[in-house]
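Visitor: As a plain string of letters, each chain reads:
There are 2 protein chains.
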Amino acid sequence: MHIFHSIADLRSYLRLQRQQGKSVGFVPTMGALHEGHLSLLEASKVQNDVTICSIFVNPIQFNNPDDLARYPRTLDADCAMLAPAGCDAVFAPSAEEMYGKATASDGFEPSDAVALPLLKFDFGDLERVMEGQFRPGHFNGVGIVVSKLFNIVQPDRTYFGQKDLQQLAVIRRMMIDLGFQIALHPCPTLREADGLAMSSRNRNLTPKERALAPHIFKGLMLAKRGLISGKTTTEVKLEVAAHFNEQPAFRLEYFEIVDAHSLQTTELRLPEAQTALCIAAHLGKVRLIDNVVF
Amino acid sequence: MHIFHSIADLRSYLRLQRQQGKSVGFVPTMGALHEGHLSLLEASKVQNDVTICSIFVNPIQFNNPDDLARYPRTLDADCAMLAPAGCDAVFAPSAEEMYGKATASDGFEPSDAVALPLLKFDFGDLERVMEGQFRPGHFNGVGIVVSKLFNIVQPDRTYFGQKDLQQLAVIRRMMIDLGFQIALHPCPTLREADGLAMSSRNRNLTPKERALAPHIFKGLMLAKRGLISGKTTTEVKLEVAAHFNEQPAFRLEYFEIVDAHSLQTTELRLPEAQTALCIAAHLGKVRLIDNVVF
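Chains as they are written, first to last, in numbering that gives the first Met the number 0: chain A, 0 to 293; chain B, 0 to 293.
For the record, the hints were derived by calculation from the structure and aren't laboratory data.
You may find that some hints are simply not true.
As the list claims (entries may be wrong) - For each label pair, taking beta carbons as the anchor points, the in silico distance ranges come out as:
id, chain 1, residue 1, chain 2, residue 2, range
1, B, T264, A, S93, 57 to 67 Å
2, B, L115, A, K236, 27 to 37 Å
3, A, K119, B, A182, 32 to 42 Å
4, A, T264, B, L74, 40 to 50 Å
5, A, L115, B, L115, 24 to 34 Å
6, B, T264, A, G136, 58 to 68 Å
7, A, Q132, B, D258, 36 to 46 Å
8, B, D65, A, Q46, 42 to 52 Å
9, B, D65, A, T233, 17 to 27 Å
10, B, H281, A, D48, 50 to 60 Å
11, A, T264, B, Q273, 43 to 53 Å
12, B, D65, A, T264, 13 to 23 Å
Claimed, not checked - Cross-link-like lysine-lysine pairs, in silico, PhoX-like; alpha carbons within 25 Å at most:
id, chain 1, residue 1, chain 2, residue 2
13, A, K100, A, K207
14, A, K119, B, K21
15, A, K217, A, K284
16, B, K207, A, K21
17, B, K162, B, K100
18, B, K230, B, K207
All values derive from a computational prediction rather than experimental measurement.
From the three backbone atoms N, C-alpha and C, an ideal C-beta is built for every residue, glycine too.
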């Protein structure tokens, strides 16, 4: 398995693959890999001759500096997982390689090592809700870095997990609006045996918090059963609020019942539309998200 | 010369060129071609095996519906210029091909034939001045369509005229911020014998207006001489205002003395920085822009 830290080295490798007529699959990640990521890699390996996995903790998608500082960085362990799983090449750039070094003419303080992009993305209604509402600027950072990675890798296909449902919707929309000639493959959320959605942030939970964490998925299942049995969205929201009041270790940030396509709040389940139940909750110092679509 | 109206047909052609190891140059235009455009084509032909020219009057970069309606559309004449000049392929999509057809779920009125992008670009300070200030939304439209064309064509090199200096600065910044792996080649403004900058909009001038139009370039030369002779920016701005007061057929929209890199107003000519003098003026129903950099 190749490990590239520079854009130029990765591009040289990719040029060679292209000259041999090979198709390229791309799995963008922030590292701290788990089985969920490996399922994306496996999906790519089935469909492509070559699979590239990027590992980059993107500073500009973190609205909270503590969250950025705490985000796990485990490149060696990640590579030790990817190589036996058949990943062909890892792209692990520094922030400076991705964004360049700031110069005085950028108007930044000398303490800023990295030149921030001037261009800002706004996804309109798609980012006025849920993650976009509670993490201002998050989807701008996601959109910029994913565009940049797409332009560097120029893959045939790319793989994203449904666990970050709003990210998936934002990326899908961006790919349409900017005409990316790449096929987007969403992959289902992988869960631990007790229902907890796999996430890089789970490793920041204390053992006690880890034992409580499946409460989130239980809340989603409670809500799904309620809606299927004919309860109103208001009734279901009250039930979910009560479910979290039972466990004071959690601070519920949002629970939303939305159209799975537009991510806008929905009062009724239309027969032809998919409904998504989306949740974000703080457990100790860790912010967890999850969703189910049905 | 090939003429493609669909993205799929253009992509098939490009795939074939790529398989033969050919390099691709790209000249994006809105048609109504003149010698200025041909100079971009010539620059591309020198550096690339294949040159693609796009002709697309991009509705989302027009803030003024009258301006969009009046913009000349002359595809047959454009192709008749491009073929003998050695253009390999023209890409002339419809608005629907570029943006897709609106559906009810987009929330548009049925009268809107085209699905507008949801994603919006904001270039910050770079678009708070001059064209960006007087044409709100203009550079969002430019950024979206150029991104889309870049992703469709995936050229090695692209060619833009310096006549649209702020557009060039915006595109340059976008290419850095989004990591486009394309070399940007700016090309100098071509002028008529009397100094008028070549522009598709010139053909909308009446003969009387056409005779007056070089007044714009004369104003830029007046300003350049003033600055070189040591006059202050305030003195030079007053001179340019007086120059346009002499010709009541013009309505001066802006005249700015800016840093050619940041496009921000500058009071002093720094020895290491390039200065750009930028102007926009209405002459009858036609809005003309021009600039000099020194």
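Visitor: Next step is simple, just say for each hint if it's right about the structure.
Guide: Okay, the hints, checked on the actual structure:
no., hint, in the structure
1, B:T264 with A:S93: 57 to 67 Å, "violated, 35 Å"
2, B:L115 with A:K236: 27 to 37 Å, "holds, 33 Å"
3, A:K119 with B:A182: 32 to 42 Å, "violated, 25 Å"
4, A:T264 with B:L74: 40 to 50 Å, "holds, 45 Å"
5, A:L115 with B:L115: 24 to 34 Å, "holds, 28 Å"
6, B:T264 with A:G136: 58 to 68 Å, "violated, 28 Å"
7, A:Q132 with B:D258: 36 to 46 Å, "holds, 37 Å"
8, B:D65 with A:Q46: 42 to 52 Å, "holds, 49 Å"
9, B:D65 with A:T233: 17 to 27 Å, "violated, 49 Å"
10, B:H281 with A:D48: 50 to 60 Å, "holds, 57 Å"
11, A:T264 with B:Q273: 43 to 53 Å, "holds, 51 Å"
12, B:D65 with A:T264: 13 to 23 Å, "violated, 39 Å"
13, A:K100 with A:K207, "violated, 42 Å"
14, A:K119 with B:K21, "violated, 34 Å"
15, A:K217 with A:K284, "holds, 21 Å"
16, B:K207 with A:K21, "violated, 60 Å"
17, B:K162 with B:K100, "violated, 33 Å"
18, B:K230 with B:K207, "violated, 33 Å"
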